[in-house]
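*Asks:* The primary structure of each chain is shown beneath.
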Amino acid sequence: MGTSFYHKEEISDYQLLKGLATHSTEALEHLYAAYYPMALQLVSLNSGNQEDARDIFQEAVIVIYEKSRDGTFELHCRLRTFLYSVCRHLWLKKLQQRGRNIQLGRETEDLVSVDSDLEEQLWKDKQFTLMKSAMEQLGEPCRTILEDYYLNRLTMQDIVEKYGYTNSDNAKNQKYKCLMRLKKIFFTGHTKL
Amino acid sequence: MHELHEIDRYLNKEMEGSELEAFEQLLLQDAGFRARVNEQLEFRGILKAYQDRRLLIDKMDRLESLLPTTRLGTEPLKPGTTPIVIRNVKSLWISMAAAALVALLIVGPALWYSGMLKKDNSGVRYREMKRSLENLTRSQNAIINTIKTINAPVNPGTFGGTGFAVSSNGLLATNYHVVENADSIYVQDDKGEVFKVKLIYQDPVSDLAVLKIMDSSFRLPLLPYKLLNKTADVGEDVFTLGYPKNNIVYGKGYISAETGFRDDTSSYQVTLNVNPGNSGGPLLDNRGNVVGIVSGKQTPSNDIAFAVKSVLLNNLLDSLDTDTLMKVPMVKQTPLDHLSRVDQIKKLEDYIFIVKVYN
Numbered sequence: 001m002g003t004s005f006y007h008k009e010e011i012s013d014y015q016l017l018k019g020l021a022t023h024s025t026e027a028l029e030h031l032y033a034a035y036y037p038m039a040l041q042l043v044s045l046n047s048g049n050q051e052d053a054r055d056i057f058q059e060a061v062i063v064i065y066e067k068s069r070d071g072t073f074e075l076h077c078r079l080r081t082f083l084y085s086v087c088r089h090l091w092l093k094k095l096q097q098r099g100r101n102i103q104l105g106r107e108t109e110d111l112v113s114v115d116s117d118l119e120e121q122l123w124k125d126k127q128f129t130l131m132k133s134a135m136e137q138l139g140e141p142c143r144t145i146l147e148d149y150y151l152n153r154l155t156m157q158d159i160v161e162k163y164g165y166t167n168s169d170n171a172k173n174q175k176y177k178c179l180m181r182l183k184k185i186f187f188t189g190h191t192k193l
Numbered sequence: 001m002h003e004l005h006e007i008d009r010y011l012n013k014e015m016e017g018s019e020l021e022a023f024e025q026l027l028l029q030d031a032g033f034r035a036r037v038n039e040q041l042e043f044r045g046i047l048k049a050y051q052d053r054r055l056l057i058d059k060m061d062r063l064e065s066l067l068p069t070t071r072l073g074t075e076p077l078k079p080g081t082t083p084i085v086i087r088n089v090k091s092l093w094i095s096m097a098a099a100a101l102v103a104l105l106i107v108g109p110a111l112w113y114s115g116m117l118k119k120d121n122s123g124v125r126y127r128e129m130k131r132s133l134e135n136l137t138r139s140q141n142a143i144i145n146t147i148k149t150i151n152a153p154v155n156p157g158t159f160g161g162t163g164f165a166v167s168s169n170g171l172l173a174t175n176y177h178v179v180e181n182a183d184s185i186y187v188q189d190d191k192g193e194v195f196k197v198k199l200i201y202q203d204p205v206s207d208l209a210v211l212k213i214m215d216s217s218f219r220l221p222l223l224p225y226k227l228l229n230k231t232a233d234v235g236e237d238v239f240t241l242g243y244p245k246n247n248i249v250y251g252k253g254y255i256s257a258e259t260g261f262r263d264d265t266s267s268y269q270v271t272l273n274v275n276p277g278n279s280g281g282p283l284l285d286n287r288g289n290v291v292g293i294v295s296g297k298q299t300p301s302n303d304i305a306f307a308v309k310s311v312l313l314n315n316l317l318d319s320l321d322t323d324t325l326m327k328v329p330m331v332k333q334t335p336l337d338h339l340s341r342v343d344q345i346k347k348l349e350d351y352i353f354i355v356k357v358y359n
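Sequences listed follow chains A and B, in order.
Residues in the first sequence are numbered from 1 upward in steps of one, following our numbering.
Residues in the second sequence are numbered from 1 upward in steps of one, following our numbering.
Simulated from the structure, these hints should not be mistaken for lab results.
Source: prediction; values computed, not measured.
By construction, the Cβ of each residue, glycine as well, lies at the ideal position given by its N, Cα and C atoms.
One or more hints might be untrue.
Label-pair distances were calculated between CB atoms; the ranges are [what the hints assert, rightly or not]:
1. L20(B) to S116(A): 55 to 61 Å
2. N247(B) to S24(A): 38 to 44 Å
3. D58(B) to M180(A): 37 to 43 Å
4. D110(A) to L28(B): 46 to 52 Å
5. S24(A) to D233(B): 48 to 54 Å
6. S24(A) to P204(B): 19 to 25 Å
7. L66(B) to R80(A): 31 to 37 Å
8. Q15(A) to G17(B): 48 to 54 Å
9. E19(B) to D125(A): 36 to 42 Å
10. S319(B) to E51(A): 51 to 57 Å
11. E74(A) to K13(B): 24 to 30 Å
12. D110(A) to F33(B): 39 to 45 Å
13. E119(A) to D58(B): 23 to 29 Å
14. L20(B) to S24(A): 51 to 57 Å
Using the sequences and the hints given, assemble the complete structure.
*Replies:* See below:
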């Protein structure tokens, strides 16, 4: 696994993003192999450590993943350039939050503006954090029932069997209650933003 | 409770036939119902986005355990190694050297594993000169249709470059990278007329491609230039015409080296200002010979450009089926020789096209 991880054939930016949007592990591996070193270099040369580099790169991958997933991603430069610009922006912001004196040196990589893309992302991040927290607060068995129905796409019959309900009406009832609870927690959290 | 389940069934696409029709009728008639359905759709969207991102994060965490570890471990850089800061030149060199050393230590293993060390690490880059055209606007979908686009593929937009005629009957040359992955290609002449073309030849290695205007009645007057069948000389004054914007742009320079980016023998280095959209355009000498095809530039830089040598294009055209080709005549003197640059351009404009790629 060690050597094959890094010896990938050339694939185009378009194929890579398409693969990423459809959850291809190969595309993700290729993304890391091709671009993680660049992120590591950026962060390491600017007061960061390996853990920082991993975090930043993960955040950057999430940005391009969610843009690709939306189907509205229009890349006007090389993927490398976009990814690098996102990593740089995110890292600068993090350094600012840590109170570091930021002075990045002469840039040798192409850069593009990513401000508006990242602003969009902030909203998605909020939704994610809220949903994550709401699901955690929801607890069991609701959490698993909802995941099974909405995400794992189990049928009502599957759910009846799995959870031992007497009939599908009971199962539907339970699903309804759980969803209502989740929505309540979610939207209460929402107003606190 | 039942309504929720029916809404879920509808959104899962489990409904068919008369049941589906009845549901959709209700949607049309009952605004309140429609609002509840939209609300459920939106909420499910947020739930799915949450799950998708969680899955991605899990995958990335697992992948990261496979990344090579660095010799410096997880400690932050030692106090002595400063980030690259521009103070005065002297300390710049010192900190650059330190940074380079650190970079090699940290990045060396990773670069070696990824095979990236074979790429140029001096900070210069080759950049292709295709440009992206105006975005295709997405039509506003009603929120009810959002569920269809949850897993929609990426739309990379459209790209543009330049192409030029290599025959009188509609053959055009351009760069491979301008037209790669195209679903459809159109060209536009200097009068604004648009023609559909098909890709009849492409070669990623030489970065050349040949297009043919599909309208079989398309004709141009005899070409006023020829493709030089040998390497042009260093110091030769050259110029290009291309479309980095929607009106033709003239650029002037000279051949500065007989090899291109990183000693590439298939292209020249040219001192010339080029911009995205120039890719695929002809590079001509004073006498009206096409000596190359503009394809890229070096960054960071303003005037280091590269052009594929015309010899390669000649070889390519020779290898094509000669029936489809009304060859460029190899005359000693072209009609452009002895004309002023302004007049040369006026003659050339008709033979140079915007290449528009859709995919």
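*Asks:* Evaluate each hint against the coordinates.
*Replies:* Taking the hints in turn, this is what the structure says about them:
Restraint check, L20(B) to S116(A): a C-beta distance of roughly 40 Å breaks the suggested window 55 to 61 Å. N247(B) and S24(A) have their C-beta atoms about 42 Å apart, which keeps the hinted 38 to 44 Å range intact. For the pair D58(B) and M180(A), the supplied restraint of 37 to 43 Å is violated, since their beta-carbon distance comes to about 28 Å. Under the hint 46 to 52 Å, the C-beta atoms of D110(A) and L28(B), about 50 Å apart, fit the expected range.
Against the hinted window of 48 to 54 Å, the Cβ-Cβ separation of S24(A) and D233(B) comes to about 50 Å, which satisfies the hint. Take S24(A) and P204(B): their Cβ atoms lie about 23 Å apart, and the range 19 to 25 Å holds. Range check, L66(B) to R80(A): about 21 Å between beta-carbon atoms, so the 31 to 37 Å window is missed. Distance hint check for Q15(A) and G17(B): the Cβ-Cβ separation is about 39 Å, which falls outside the suggested range of 48 to 54 Å.
Taking the beta carbon of each, E19(B) and D125(A) are about 39 Å apart, inside 36 to 42 Å as hinted. Hint check: S319(B) to E51(A), Cβ distance near 55 Å, so the stated range 51 to 57 Å holds. Distance hint check for E74(A) and K13(B): the Cβ-Cβ separation is about 29 Å, which falls inside the suggested range of 24 to 30 Å. The given range of 39 to 45 Å is broken by D110(A) and F33(B), whose C-beta atoms sit roughly 51 Å from each other.
For the pair E119(A) and D58(B), the beta carbons lie near 27 Å from each other, so the given range of 23 to 29 Å is met. Look at L20(B) against S24(A): about 33 Å separates their beta carbons, and that is not inside 51 to 57 Å.
When held up to the earlier numbered hints, the structure conflicts with 1, 3, 7, 8, 12 and 14 and fits the remainder.
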